[in-house]
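Peer 1: One-letter residues, chain by chain:
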Amino acid sequence: MTFWESLQQTWWVVAIQGSPWTYAVLVVLHYCGVFLLVATSALVDLRLLGLAARHGTATRLAVQFSPWTWTALGLAVLTGIPLFANQAPSFAAVSYFWIKLLLMLAAAVLSLIVQWKVGPWEQSPSVPAAAKLLALISLLLWFSVLYASVQVTNYAGV
Amino acid sequence: METLVAFCEWLENTSWALAVSGAFELYPYLRLTHFTGLALWVGTTAVVDLRLLGWGRRREGADQLSAQLLVWNWIGLGITFLGGFLLFVGTASGYIINPAFQIKMLALLTTVALRVTIQRNAPVWGRSPDAPALARLAGGVELTLWIGMILAAVRIPNY
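Going down the list, the protein sequences come from chains G and A.
131 is the number that our numbering gives to position 19 of the first sequence; each next residue is one higher, with no gaps.
134 is the number that our numbering gives to position 127 of the second sequence; each next residue is one higher, with no gaps.
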């Protein structure tokens, strides 16, 4: 038995497999976390790029959103662990799954940098080009996370 | 209902619907479209609802948030609908008789009506830091409907 197979057979994972509604609730919470996480990060990026919420500042949006961004990330990760464990051998065999984790880590780090730096960036007369580039990369990374997620379920056959 | 089923049968046999349902390699991209739209739509809806409920930070009022996010909220709906409709057409008559799908569509219509109501009233509701009871109710109901709608969507394959 591989490590992933034994993970799939631990008692708490078996309990999830025996309860379709527990599984459904975990999926729903995972989606809610992902949606809130991606939207709150993407909107700050879009504001920095001048493509959203132009009547206010990106700094104010970031301050308003940041607790939700990190709460949502926590929710997505906490629900993602049992969802992964439930299908561990098939997910672990799909390279998109590991790519997704790496992309997610990169996107989260970049969003953290954007939240840190957005204040100073907006205090300069115009948002620096490097800041806009970072915002664009962050936006693309979050989109790639969604792309990889879709491919994981596609190749893992769930 | 029979008219609706007949319409769905006609829909899934149109040449373009057949083209979509035959293109299996397209499905991951349709799901990606659907989920990208959902992230924008649900996310920008939820932050306004949470603000109406008075949860989280109060740097922005619900009136400002609603106005600031309005454009991307509707862009999100548009992208979601585009992906969702193309996912639906291939097996339209199967979806339309699925109870979980029916619940999802009813919840969808209700949330869209609520969304318009909240956006119209946000300038008044969001003026004071604490939204009136009716506004908190609207925000709470919308959030609950969304969770129910996603649950219904997740359960579709089980029926």
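Treat the hints loosely; a few may be bogus.
[What the hints assert, rightly or not] Okay, the calculated bits of chain G under chain A, using three or more residues with CB under 8 Å as the criterion: (1) 209-215; (2) 244-251.
[Stated by the list, open to error] Which residues of chain A face chain G? A few of them, derived with a C-beta cut under 8 Å, are: (3) Gly44; (4) Leu45; (5) Gly61; (6) Trp79; (7) Gln109.
Bear in mind the hints are in silico, worked out from the structure with no lab data behind them.
Heads up, the beta-carbon is just placed ideally off N, CA and C, and yes, glycines get one too.
Peer 1: Please verify that hint: glycine 61/A, Cβ, nearest Cβ of chain G, below 8 Å or not.
Peer 2: Not OK, violated: glycine 61/A not within 8 Å of chain G, min 13 Å.
Peer 1: Confirm or reject the coverage of the segment 244-251 of chain G by chain A under the rule of 3 or more residues with a beta carbon closer than 8 Å to the chain's beta carbons.
Peer 2: The restraint on the segment 244-251 of chain G is violated, since only 0 of its residues have a Cβ under 8 Å from chain A and three are required.
Peer 1: Would the hint on leucine 45/A stand, with a C-beta cut-off of 8 Å toward chain G?
Peer 2: 6 Å, holds
Peer 1: Checking hints one by one. Is glutamine 109/A an interface residue toward chain G, by the C-beta closer than 8 Å rule?
Peer 2: 17 Å, violated
Peer 1: Hold the hint about glycine 44/A up to the distance rule: shortest CB distance to chain G must be less than 8 Å.
Peer 2: This hint is violated: glycine 44/A lies away from chain G, its Cβ roughly 10 Å from the closest one there, beyond 8 Å.
Peer 1: Holds or violated: is there a CB of chain G closer than 8 Å to the CB of tryptophan 79/A?
Peer 2: 5 Å, holds
Peer 1: Taking beta carbons only, do three or more residues of the segment 209-215 of chain G come closer than 8 Å to chain A?
Peer 2: violated (count 0)
Of the numbered hints listed earlier, those contradicted by the structure are 1, 2, 3, 5, 7.
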